[in-house]
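Colleague: Sequence:
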Amino acid sequence: MQMTPRERVLTTLNHEEPDRVPLVIGVSNATGVKMKPYQEIKKILKVQAPDRYLYDWPELGTAEIDEETLCRLHGDVRGVLDLEPERVRLQHVEREPHSECIDSWGSGQVEIEPGHWYPGVHPLKQASNKDDLELYPGWPDMNDPTRIAHVREQATRLTEENRYAILATPWLLFPFERAHAMQGMETYLLNMAMDPEFARAMLVKIAGYCKELMGRFLEELGENVDMIKIGDDLGTQKSLMISPKMYREILKPVHADFIQFIRERTKAKIFFHSCGDVEPLIEDFIEIGVDILNPVQTSSGKMSDLPALKKSYGDKIVFCGGIDSHRILPFGTVKEVREEVRRVIEILGPGGGCMISSVHTVMNDVPPENVIAMAEAVEEFGHYPI
Numbered sequence: 001m002q003m004t005p006r007e008r009v010l011t012t013l014n015h016e017e018p019d020r021v022p023l024v025i026g027v028s029n030a031t032g033v034k035m036k037p038y039q040e041i042k043k044i045l046k047v048q049a050p051d052r053y054l055y056d057w058p059e060l061g062t063a064e065i066d067e068e069t070l071c072r073l074h075g076d077v078r079g080v081l082d083l084e085p086e087r088v089r090l091q092h093v094e095r096e097p098h099s100e101c102i103d104s105w106g107s108g109q110v111e112i113e114p115g116h117w118y119p120g121v122h123p124l125k126q127a128s129n130k131d132d133l134e135l136y137p138g139w140p141d142m143n144d145p146t147r148i149a150h151v152r153e154q155a156t157r158l159t160e161e162n163r164y165a166i167l168a169t170p171w172l173l174f175p176f177e178r179a180h181a182m183q184g185m186e187t188y189l190l191n192m193a194m195d196p197e198f199a200r201a202m203l204v205k206i207a208g209y210c211k212e213l214m215g216r217f218l219e220e221l222g223e224n225v226d227m228i229k230i231g232d233d234l235g236t237q238k239s240l241m242i243s244p245k246m247y248r249e250i251l252k253p254v255h256a257d258f259i260q261f262i263r264e265r266t267k268a269k270i271f272f273h274s275c276g277d278v279e280p281l282i283e284d285f286i287e288i289g290v291d292i293l294n295p296v297q298t299s300s301g302k303m304s305d306l307p308a309l310k311k312s313y314g315d316k317i318v319f320c321g322g323i324d325s326h327r328i329l330p331f332g333t334v335k336e337v338r339e340e341v342r343r344v345i346e347i348l349g350p351g352g353g354c355m356i357s358s359v360h361t362v363m364n365d366v367p368p369e370n371v372i373a374m375a376e377a378v379e380e381f382g383h384y385p386i
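Per the numbering used here, the sequence shown runs over residues 1 to 386.
No wet-lab data here; the hints were simulated from the structure. Misleading hints may appear alongside valid ones.
Stated by the list, open to error - Subject to a maximum C-alpha distance of 30 Å in a straight line, what follows is the list of computed DSBU-like cross-link-like pairs (lysine-lysine): (1) K245 with K335; (2) K36 with K46; (3) K211 with K125.
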C-alpha cells in the first residue's frame with residue numbers, strides 16, 4: 001500500500017519497513033543544495049521558481065528549494081526554520097561586499113576567494129576564565145521576536161496539509177561548534193586539553209542560550225513537528241576531533257542535558273547531525289537519546305563500514321544520509337551514483353531505520369544530473385521488500 005511521505009518517514013523512524021526508503025533533501029543546511037547546482041537542477045526539470053537562500057543568508061550559499069523541485073525529486077520531508085535576528089540580517093545586506101560576515105553570536109566568516117568563506121572572526125579568542133565569559137557583550141538576544149516570527153505559520157501550514165514529515169531546525173544551536181567558532185578551533189581545542197574546567201564552563205554558558213531559544217522555538221512549533229535537528233560536528237575523515245574520553249567528560253553531559261530539555265517539551269524525534277568518523281561515539285549518542293544520526297559520512301573511517309553500522313546499531317538508531325559527497329556525487333557518473341544509492345539502501349534499508357540523503361550539502365562541484373540520479377534511484381530501488 002502506498003504511503004504518504006509523512007507516513008513513510010514515521011514508519012521508518014519506528015524501525016519498521018514503509019513502502020519506500022524516505023529521501024531527505026533541501027530542508028536544512030545539513031541536507032541542502034548549494035545555489036549553483038540548484039539553479040542547474042531547475043533548468044533540467046524546467047521548473048520556474050525564484051532563487052532564494054536558506055535562512056536569507058547568501059554567504060551560507062545554500063538554496064531554499066522550491067516546492068515543485070522538492071516534489072519532482074521525491075523529497076519526503078519539509079523544513080521549518082527560524083532566522084537570524086532582523087538586526088543581523090540587515091547587517092548582512094548593508095555591509096560592504098566581501099567584508100566579514102558576522103552572525104548573532106559575534107563570530108563570523110571571511111571570504112578567502114569569491115563565494116568561499118572561512119571562519120575567521122573569533123570574539124572570545126582571548127577569553128580564559130568565567131569572568132571573561134560574563135563580561136562578553138556580544139551574547140545573542142534569544143528573546144528577539146524576529147528570530148521565530150514565522151515558525152508557527154510554517155509548522156501549522158505543513159501540519160494542516162498532513163502530507164510531509166516536518167524537520168525543524170533552529171539555527172546555530174550546536175554548543176561545541178559555537179564554542180570553537182567564538183574562540184577559534186585551535187584555541188578551544190587547546191582549552192579542552194589544558195583547561196577542561198574553562199572549556200566546560202564555556203559549553204554550559206553557550207548551551208544556556210541554546211536552550212533559551214530552543215524553548216521558544218518549541219513553544220511556537222507546538223505539536224506540529226516530527227523531528228528536531230541539533231548536533232555538533234565531531235569527526236574528521238579519519239577519526240574524532242577529540243578523544244572519546246574528552247567527549248564523555250566535557251561535551252556529552254551538555255548534549256545529554258540539551259536533549260533532555262527538548263524531550264521534556266516535545267514528542268519529536270531527535271535528529272543529530274555530526275560529520276566525520278563518529279562511529280566511536282554512536283553508543284554515547286544512543287545513550288543520551290539521539291534517534292536519528294546524520295549524515296553517515298561514508299568516506300570517513302569506520303563510518304564507511306555500513307554492514308557493521310547496520311549490525312551494531314541499526315535497531316537502535318536511524319541512519320540518515322550515506323550518499324558520498326566527496327567522490328561519488330561530484331566525480332561519479334550517473335550510473336555510479338545510482339549504483340551507490342542502491343548499495344546503501346540494500347545495506348541500511350532492511351527492517352526500516354534508513355533515510356537517504358547526500359552526506360551534508362550538495363556542493364557547487366556536483367553535476368545536477370547526479371543529484372537527480374540520486375533522487376530517482378531512491379524511487380527506483382528503495383521500495384520494500386528490499
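Colleague: Determine for every hint whether it applies to the structure shown.
Modeller: Verification of the supplied hints:
For the suggested pair K245 and K335, the alpha carbons sit about 42 Å apart, so the restraint of at most 30 Å is broken. Restraint check: the Cα-Cα separation between K36 and K46 comes to about 15 Å, which is no more than 30 Å; the hinted pair holds. For the hint pairing K211 with K125, the CA-to-CA distance comes to about 23 Å; that is within 30 Å, so the pair holds.
The structure fails to meet hint 1 from the earlier list, while all remaining hints are met.
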